[in-house]
Amino acid sequence: MKRLKKEIIFYLIPLPLIFLSLFIGPSEQVGPIEILDWVLRKTTLLSFPGPTYDSMVETIVLHVRLPRVLLTFFAGAALTASGTSLQALFRNPLVSPDILGISSGAAFGAALALTSTWLPLQLTAFVFGLIAVGLSYFIAQRKGDVSLTSLILSGIIVNGIFTSLLTIVQFLTDPFKLQTIVHWTMGNLHHANWSKWESAFFPILLGGVWLYGMRWRMNVLSLGDEETRAVGLDPKREKIRILIPATLIASASVAVAGVIGMVGLAVPHIVRMMVGPDNTRTMPVSFAFGGIFLLLVDNFSRTVASFEVPIGIFTTLIGGSFFVYLLKRAQDLYQLER
Amino acid sequence: MAIIVKDLSFGYGEKTILRHLNFHVPAGKFTALLGRNGSGKSTLLRLIAGFIKPKSGSIEVCGVNVTSLSLAERAKRIGFLPQVHYPAFPFTVEEVVLTGRAAYVFSTPTNQDRERAKSAMRRIGIEDISNRPYTELSGGERQLVMIARVLAQEPKIMLLDEPLLSLDLLNQVKILNILKSLVASGLTVVAVLHDPNIAFRYGDHFVFLKNGMISNPERSDGFHNAHMLADVYGIKIEVIPVRNKFFIVPDPEGTEE
Amino acid sequence: MKLLRIWILIVWSSISFLSGYVFGETVNQGPSVVTDSRGKRLTFQKPFQRIVCLIESALSGLYMLNEEKRVVGISRNVYERSLFPYYGRMDERIRNKKIPSPGNWDFVNIESVLSLKPDLVVMWAQQTESIAALEERGIPVFGVFIKQIEDVYQEIAALGKLTGNEVRADALSRYTQNEIDRFRKRLVDIPPARRPGVYYMWAQGSLETSGGLSMVNDLIDLAGGRNVSASFPQEHLVVNLEKVIGWNPDVIVMWYNERKDPSDIIRDSQWKSIRAVKERRVYELPEIFLCDLWTLKFQYAVKMVAKWCHPGPLKDINLEEEKEEMLKILYTGKLLGY
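Chains A, R and B, in that order, give the protein sequences. For the first sequence, this note's numbering gives the first residue as 4, with consecutive numbering after it. For the second sequence, this note's numbering gives the first residue as 14, with consecutive numbering after it. For the third sequence, this note's numbering gives the first residue as 2, with consecutive numbering after it.
Hints were generated in silico from the structure; no laboratory data involved. Every residue gets a Cβ at the ideal spot worked out from N, C-alpha and C, and that includes glycine. Treat the hints with care, as some may be off.
[Claimed, not checked] DEER-style ranges, computed between Cβ atoms:
| # | chain 1 | residue 1 | chain 2 | residue 2 | range |
| --- | --- | --- | --- | --- | --- |
| 1 | R | 19 | A | 163 | 50 to 56 Å |
| 2 | A | 170 | R | 152 | 46 to 52 Å |
| 3 | A | 329 | B | 232 | 57 to 63 Å |
| 4 | B | 232 | A | 23 | 44 to 50 Å |
| 5 | A | 237 | R | 73 | 41 to 47 Å |
| 6 | A | 170 | R | 77 | 19 to 25 Å |
| 7 | B | 83 | A | 23 | 33 to 39 Å |
| 8 | A | 36 | B | 183 | 46 to 52 Å |
| 9 | R | 169 | A | 237 | 17 to 23 Å |
| 10 | R | 85 | A | 43 | 21 to 27 Å |
| 11 | A | 237 | R | 208 | 46 to 52 Å |
| 12 | B | 86 | A | 170 | 29 to 35 Å |
| 13 | R | 83 | A | 320 | 46 to 52 Å |
| 14 | A | 209 | R | 85 | 23 to 29 Å |
[Unchecked claim] Reference excerpt, derived from the structure (chain A facing chain R, CB under 8 Å, subset only):
| # | residue |
| --- | --- |
| 15 | 95 |
| 16 | 232 |
| 17 | 234 |
[What the hints assert, rightly or not] Mimicking SDA-like on lysine to any residue, the simulated pairs with C-alpha atoms at most 25 Å apart in a straight line are:
| # | chain 1 | residue 1 | chain 2 | residue 2 |
| --- | --- | --- | --- | --- |
| 18 | A | 180 | B | 46 |
| 19 | R | 42 | R | 150 |
| 20 | A | 331 | R | 266 |
| 21 | A | 180 | B | 188 |
| 22 | A | 146 | R | 83 |
| 23 | R | 223 | R | 208 |
| 24 | A | 331 | R | 208 |
| 25 | R | 68 | R | 100 |
| 26 | A | 146 | R | 25 |
| 27 | A | 180 | B | 261 |
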């Protein structure tokens, strides 16, 4: 019962946090008072006496901050959950969505779209993220089943391929577009709008629910292929059933938010250090805590800098430090033998 | 008969590992599978478990052809204990045993599944360590946990691949006693063992593999002559009767080959 | 009044052109010196005969000076969709794709340049390595880097000297300055407080703009507007959407954009509270060639933006006529009908 209490906190935080995050932002004219005033007007008939910046406040809260806050939360949830499930799938805590080529594929897709005039940005990035993982899988597989070592190796190859392709695109384009490509790659939540939300919401929801349904089977799978077969599950099929949704949500996230380091690798560890390795608990907590984490980091970056600093810088610094702290405290909870 | 093997052949590419095997495994008994390293014992076990398909011949388990069953259906009848390994994550004993219920679980285990897991742990006598991380256990404890996991599957037949490997004598005895008590309650147990003396001490029925073929399969009167055993293991053997059992010791004068 | 001015200028230009042609090449007045954007001094005896011009803005200057016969190599983008129709019309060699293009403004093939045996190369000053490679082989390089309006005047004067046609260069400069003055006088009565706030949007992204020290800033200034991003000094920067909403510009000017139109901005829910969007004062500069901010044609951009900013006071201005006149004078009839 005591353990259950710990997790409930993570399920209770998101909604109030999302609401409070709406108050954070760089506008000089739109501060917390103005927002509170607007909220009161909308929900009750009360209001503060004072100037009516109504339409500006409404635009900023509903069309600039709200989509960004929601998108940040979902991206963080998706990346973390993807990382947790891939670590269970690969039986290796050093794995992240990047290892299969999602980020380099999506970055290449985005670069293509940014240098062309007709390719849609999010969709191209998303599709190329999927292509990269599909390629990794097909290189590694034999007779439909895939050894995890081969998958990691082919992921390295695919990463190399797409990084080179990205370099070619960057080389051939003019300096202004190049700058845009680099900015996109570093994390671009400040371009969040409702249309990006619409394109990311459905794949992340679909993949997320699917992945959530697989949470107990991850436990079975992480004991080994033969062990899985012994208890009546087909390891080949279960691997695909985890790989597909994990890729889906990670690719959708990178497509709308850019490449954000640390979240797919370190945050799952943080989750595991807090609730243990049982995936029936780490999966829901990964969604909740991953979203909370990224949202807090983004709030921090919005308060600290008046211009846009790529969020990847903060996730690495903050996430990395927190991770080191927990690692030191956890003694030898992990025995990475082999 | 729990298991009927008819004319079973198996190989990889041009290499043949098992040739025209024919034997029975009696129900409710402890059957030991013996032979030299590389004689195909583990492969045979995996064929019986349905993990691999034979080149020719058939395997019937509880009256049903093994290859006709789905993975889950197989798991409900046959429990398989692979050789020990180290998982990457420190799952608790209870979490590990619970995974044995996979054939019965849709998405996540129900309370009934948890109950079955708990009773399996009680049966093996490990419920006091149910919250300890699996990675911190000794070799013997781990083996017990894995056996409890198989038990949670509620199978009729248990197949064990070298369950006593690298265990000290006390742990070996513990496990063998548990296996015997499971047999007493109706389970059919087939274990690949490497020590013939242990096998003869605890087993009821014996199958010997040499070069992919059965040696002297149907003698069931408990007498195993030195000549046959020497043939199977390729060394000179002395058979020493002790009370109404037999012990075999290698003849220090050397090998037959 | 206006017609007389045109007549005087045409006569003047013809005289300059003829006298330049007759006198410019035969009278030897000792070595000339020209300083390029890097501050490097080029000393030469005679005007250059074989010019490879790898930056289109300088190339258009050469055409304005009627010195295009000296050009033996051009940049690749001249053959592209947005520029080819104009140059094809002006020069038969380009129409038939006879002039080689050994590079672009951001990339140079040294061997191809050398094979054209140039005596002068005009290129973007930032390409330090390529410039060094050419200068090492004894080929003088005129580096171009335009930061503000002054640089445009200096460039055309330098090109005039390099081709021995300083007279015409001078005339064109003065024509441009007069045009700018003409508009300035029209708007001189408008007090600074009534200058509309203008947000300038580059084509790479709707949040990409130019700050206080830039050509764009000068453009807006001369047009009688106020650059809302002027508080940032950078020539090119990415701003935060909330900042733009806070600045609440009266007019939005988009650089020529293949992906977006003013209607896309007007429809966008994130921009709808901005005054410029509400009043539908969102405009796009129509053509790169005609509005090129890095040539004397920037005057046309100034006129356009001025009219967008002050539709009332400049009601009588006909932008089409202004454009026709400018092309006639700058390109002396080579571009009839545009």
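Each hint tested on the structure:
1. R:19 - A:163: 50 to 56 Å: holds (52 Å)
2. A:170 - R:152: 46 to 52 Å: Given range 46 to 52 Å: holds, Cβ gap about 51 Å.
3. A:329 - B:232: 57 to 63 Å: Since the Cβ atoms of residue 329 of chain A and residue 232 of chain B sit about 42 Å apart, the hinted range of 57 to 63 Å is violated.
4. B:232 - A:23: 44 to 50 Å: violated (29 Å)
5. A:237 - R:73: 41 to 47 Å: violated (22 Å)
6. A:170 - R:77: 19 to 25 Å: The hinted range 19 to 25 Å is violated for residue 170 of chain A and residue 77 of chain R, with Cβ atoms some 59 Å apart.
7. B:83 - A:23: 33 to 39 Å: The hint (33 to 39 Å, Cβ to Cβ) is violated, given that residue 83 of chain B and residue 23 of chain A are roughly 48 Å apart.
8. A:36 - B:183: 46 to 52 Å: Distance hint for residue 36 of chain A, residue 183 of chain B holds at roughly 49 Å.
9. R:169 - A:237: 17 to 23 Å: holds (21 Å)
10. R:85 - A:43: 21 to 27 Å: violated (57 Å)
11. A:237 - R:208: 46 to 52 Å: violated (34 Å)
12. B:86 - A:170: 29 to 35 Å: holds (34 Å)
13. R:83 - A:320: 46 to 52 Å: For residue 83 of chain R and residue 320 of chain A the Cβ distance comes to about 51 Å; the hint holds.
14. A:209 - R:85: 23 to 29 Å: holds (26 Å)
15. 95: holds (6 Å)
16. 232: With a closest approach of 6 Å, the residue 232 of chain A hint holds.
17. 234: Where the cut-off is 8 Å and the nearest Cβ of chain R is about 4 Å from residue 234 of chain A, the hint holds.
18. A:180 - B:46: violated (41 Å)
19. R:42 - R:150: violated (30 Å)
20. A:331 - R:266: violated (59 Å)
21. A:180 - B:188: violated (36 Å)
22. A:146 - R:83: holds (19 Å)
23. R:223 - R:208: Holds, because 15 Å separates the two Cα atoms, which is no more than 25 Å.
24. A:331 - R:208: violated (46 Å)
25. R:68 - R:100: Judged against 25 Å, a Cα distance of about 33 Å means the pair is violated.
26. A:146 - R:25: It holds: about 15 Å lies between the C-alpha atoms, which stays within 25 Å.
27. A:180 - B:261: Judged against 25 Å, a Cα distance of about 15 Å means the pair holds.
In the structure shown, a violation is registered for the earlier hints numbered 3, 4, 5, 6, 7, 10, 11, 18, 19, 20, 21, 24, 25, in ascending order.
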